[in-house]
Every structure is written in structure tokens, then in C-alpha cells.
Amino acid sequence: MYQVDYYTRPNGDKPIVDWIDKLEKRSRAVIMAKIQKLGEYGLELLGTNMLKSVIGEGHLYELVGGQCRVIVYYDKQDNKFVLLNGFLKKRRREAGQINEARDLLNEYRSNK
Amino acid sequence: MNRTFKEDLERELADLEFAQEFGAAAAKSEFALTLARARRIASCTQTDLASSLGTSQSYIAKLEAGDANPTIGRIGKILAILGLRLSTKAVPLISSPQPSIESRKLEEADILDYRWAGEKNEVVVASSENSVRDFTPVEAR
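Here the protein sequences line up with chains A and B, keeping their order.
In short: position in the first sequence from 1, add 222, done, that's our numbering.
In short: position in the second sequence from 1, add 632, done, that's our numbering.
Rather than coming from a laboratory, the hints here were simulated on the basis of the structure.
Incorrect hints may have been included.
Keeping only pairs whose Cα atoms sit at most 25 Å apart, straight-line, the calculated DSS-like set for lysine-lysine is [as the list claims (entries may be wrong)]:
{"#": "1", "chain 1": "B", "residue 1": "Lys-694", "chain 2": "A", "residue 2": "Lys-274"}
{"#": "2", "chain 1": "A", "residue 1": "Lys-312", "chain 2": "A", "residue 2": "Lys-244"}
{"#": "3", "chain 1": "A", "residue 1": "Lys-247", "chain 2": "B", "residue 2": "Lys-638"}
{"#": "4", "chain 1": "A", "residue 1": "Lys-298", "chain 2": "A", "residue 2": "Lys-236"}
{"#": "5", "chain 1": "A", "residue 1": "Lys-274", "chain 2": "B", "residue 2": "Lys-638"}
{"#": "6", "chain 1": "A", "residue 1": "Lys-334", "chain 2": "B", "residue 2": "Lys-638"}
{"#": "7", "chain 1": "A", "residue 1": "Lys-311", "chain 2": "B", "residue 2": "Lys-709"}
{"#": "8", "chain 1": "A", "residue 1": "Lys-274", "chain 2": "A", "residue 2": "Lys-302"}
{"#": "9", "chain 1": "A", "residue 1": "Lys-312", "chain 2": "B", "residue 2": "Lys-694"}
{"#": "10", "chain 1": "A", "residue 1": "Lys-298", "chain 2": "B", "residue 2": "Lys-694"}
{"#": "11", "chain 1": "A", "residue 1": "Lys-247", "chain 2": "B", "residue 2": "Lys-709"}
Incomplete in silico selection of chain B near chain A, CB under 7 Å [said to hold, decoys possible]:
{"#": "12", "residue": "Leu-645"}
{"#": "13", "residue": "Ala-646"}
{"#": "14", "residue": "Phe-650"}
{"#": "15", "residue": "Glu-653"}
{"#": "16", "residue": "Phe-654"}
{"#": "17", "residue": "Ala-657"}
{"#": "18", "residue": "Ala-668"}
{"#": "19", "residue": "Ala-670"}
{"#": "20", "residue": "Glu-696"}
Note that the Cβ used here is the ideal one computed from N, Cα and C, for glycine as well.
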């Protein structure tokens with residue numbers, strides 16, 4: 223099993239938790255099942271269509287659950303996954319959400 | 633409040649409606665993994681499998697995303713194309729998977745090349761540096 227953590231910002235905010243809490247029950251169950259699988263199988267999920275690499279960013283991945291997407295960082299040093307943020311798949315918004323995840327990742331790295 | 637994913641999931645699973653949806657998604661995800669592994673071992677592309685099944689590549693991709701909801705019969709047909717049959721077992725809703733390759737740190741390169749080890753019913757995970765053998769029978773995964 224891998225440790226799976228929510229990313230907590232220096233001010234205490236947890237963007238991924240805020241996002242998951244707002245999902246309706248079925249979507250929340252689906253994405254939490256996928257997160258659980260990530261914790262069980264780790265990067266082996268890359269062999270399926272459940273997990274994709276985010277191009278241009280090492281160890282940053284997109285976890286797929288229906289229309290839900292969660293951006294995840296694999297912290298190789300600590301061998302754990304950090305859930306950064308999430309969004310519903312809509313083409314126009316996707317790039318912005320991934321950029322936001324990159325900002326959160328930079329914040330995570332600088333405060334580690 | 634310092635919430636953790638594990639605690640949140642345990643709390644949510646106390647709700648039977650949530651638990652059922654979670655169970656459905658978990659089952660689809662397990663099959664996605666099983667199918668992706670089996671297809672790779674058989675050196676069969678999603679397009680090849682779709683063609684044999686008389687469906688589209690996008691449907692196979694959806695299955696391997698854990699987003700499709702195939703009937704048990706259809707699962708049997710898909711596995712038969714790959715020379716396999718379904719074997720099921722019920723395990724606790726939240727449980728550790730069978731000891732396998734995930735128990736060690738995986739580099740992406742490790743999981744790019746699966747090859748079928750034939751009669752011994754093994755899967756060999758080839759790595760760019762050194763090969764790690766996983767002797768867990770395929771059926772037990």
C-alpha cells in the first residue's frame with residue numbers, strides 16, 4: 223500500500239478536500255474508489271486508462287474517474303502520493319486546473 | 633481539522649448508499665487492471681481486442697479506465713478472446729491487494745514491459761536495470 227495524502231497549503235487550506243466535498247455522492251464515491259486503487263497499486267495504474275502522466279511535468283499524474291480528474295504528485299523520495307487538486311473534465315478549463323496544480327506542487331516542494 | 637483520506641473514506645463508507653457506489657466503482661477498477669494486464673500479456677492492442685469483440689477501441693479504453701459497466705457475460709467473452717476465464721472472489725471493501733509489484737518502489741520503466749512467462753503462470757516485470765520476478769499466480773491478483 224502507498225500512503226496517499228491530501229496536500230495542505232501553508233495557510234491550512236486543502237484544495238482537493240474542498241473539491242471532493244462539493245461533489246455529489248456518486249461522483250465522490252467513484253473518485254474515492256480510484257484514489258483507493260492508486261493507494262493499492264501505485265504507478266501500475268499507468269498501464270490502464272485510469273492514470274495518465276501530465277506532459278511536461280515529472281511525477282505529476284491525472285487520475286481519471288468518470289468526468290472527475292484529480293491531479294496527483296508522486297513523491298518519489300517519500301514513496302507516497304499527494305493529491306493536489308481536482309476538476310471536472312471540460313476542455314477549456316483543463317489547462318488552467320493543471321497550471322494551478324503545478325503552482326501547488328511548487329508550493330509543496332518549497333515547503334517540504 | 634487534520635483530515636486524512638483514509639479516515640474520510642472510512643467515514644463515507646458508513647453510508648450504505650455511498651458504499652454501494654464505491655463498491656461498483658472499485659469492481660470496475662479491478663476489472664480495468666485485470667484487463668489491461670491480460671491484454672498486455674497477450675500482446676493484444678486495444679484495437680485488436682475491439683475488433684475481435686466487434687466493438688470500438690474507445691469502448692476498450694473506457695473499460696480500462698474503469699468507467700464502463702460490462703455484463704458478466706461480456707467480461708467472459710472479452711477474457712475468452714485473450715484465452716482466459718473469469719475467477720472471482722469477494723474481499724473486504726477496503727483491503728490490501730495481494731503481495732505484488734506495488735510493494736516496492738516502481739519506476740515507470742518497470743511497468744512498461746510485461747511478458748508472459750508461459751506454463752508457470754507467472755508474470756515477469758521487466759525493468760531497464762534489473763528484472764523483478766513476481767511469482768504471484770495471475771489468478772490471485
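Cross-check of the supplied hints:
1. For the hint linking B/Lys-694 to A/Lys-274, the alpha-carbon distance of about 14 Å falls within 25 Å, and the restraint holds.
2. Between A/Lys-312 and A/Lys-244, the direct Cα distance comes to roughly 17 Å. Compliance with the 25 Å bound is thereby established for this hinted pair.
3. A C-alpha spacing of about 17 Å is found between A/Lys-247 and B/Lys-638, which places the hinted pair at or below 25 Å, so the restraint holds.
4. Under the criterion of a C-alpha separation no larger than 25 Å, the hint pairing A/Lys-298 with A/Lys-236 is consistent with the structure, at around 21 Å.
5. For the given pair, A/Lys-274 sits about 23 Å from B/Lys-638 by alpha-carbon distance, which is consistent with the 25 Å threshold.
6. Using a Cα cut-off of 25 Å, the hinted pair A/Lys-334 and B/Lys-638 holds, with the two alpha carbons roughly 22 Å apart.
7. Proposed proximity of A/Lys-311 and B/Lys-709 is contradicted: the alpha carbons are some 31 Å apart, above 25 Å.
8. The straight-line distance between the Cα atoms of A/Lys-274 and A/Lys-302 is roughly 17 Å, inside the 25 Å bound, and the hint therefore holds.
9. For the suggested pair A/Lys-312 and B/Lys-694, the alpha carbons sit about 17 Å apart, so the restraint of at most 25 Å is met.
10. Proximity of A/Lys-298 to B/Lys-694 is assessed by CA-CA distance (about 29 Å); at most 25 Å being required, the pair is judged violated.
11. Proposed proximity of A/Lys-247 and B/Lys-709 is contradicted: the alpha carbons are some 32 Å apart, above 25 Å.
12. Hint on B/Leu-645 is violated. Least Cβ distance to chain A is approximately 9 Å, over the 7 Å limit.
13. Interface restraint check: B/Ala-646 against chain A, minimum CB-CB distance 13 Å, threshold 7 Å, status violated.
14. For B/Phe-650, the interface hint holds, since its Cβ comes within 7 Å of a Cβ in chain A; the closest pair sits about 5 Å apart.
15. Taken as an interface hint, B/Glu-653 checks out: its beta carbon lies about 3 Å from the nearest beta carbon of chain A, inside 7 Å.
16. Nearest Cβ of chain A to the Cβ of B/Phe-654: about 4 Å, under the 7 Å cut. The hint holds.
17. Interface restraint check: B/Ala-657 against chain A, minimum CB-CB distance 4 Å, threshold 7 Å, status holds.
18. Evaluation of the B/Ala-668 hint against chain A yields a held restraint, the C-beta minimum of about 4 Å falling below 7 Å.
19. Restraint check, B/Ala-670 versus chain A: the minimum CB separation of about 11 Å is more than 7 Å; hint violated.
20. The interface hint given for B/Glu-696 holds, since its Cβ lies 4 Å from the closest Cβ of chain A, which is under the 7 Å cut-off.
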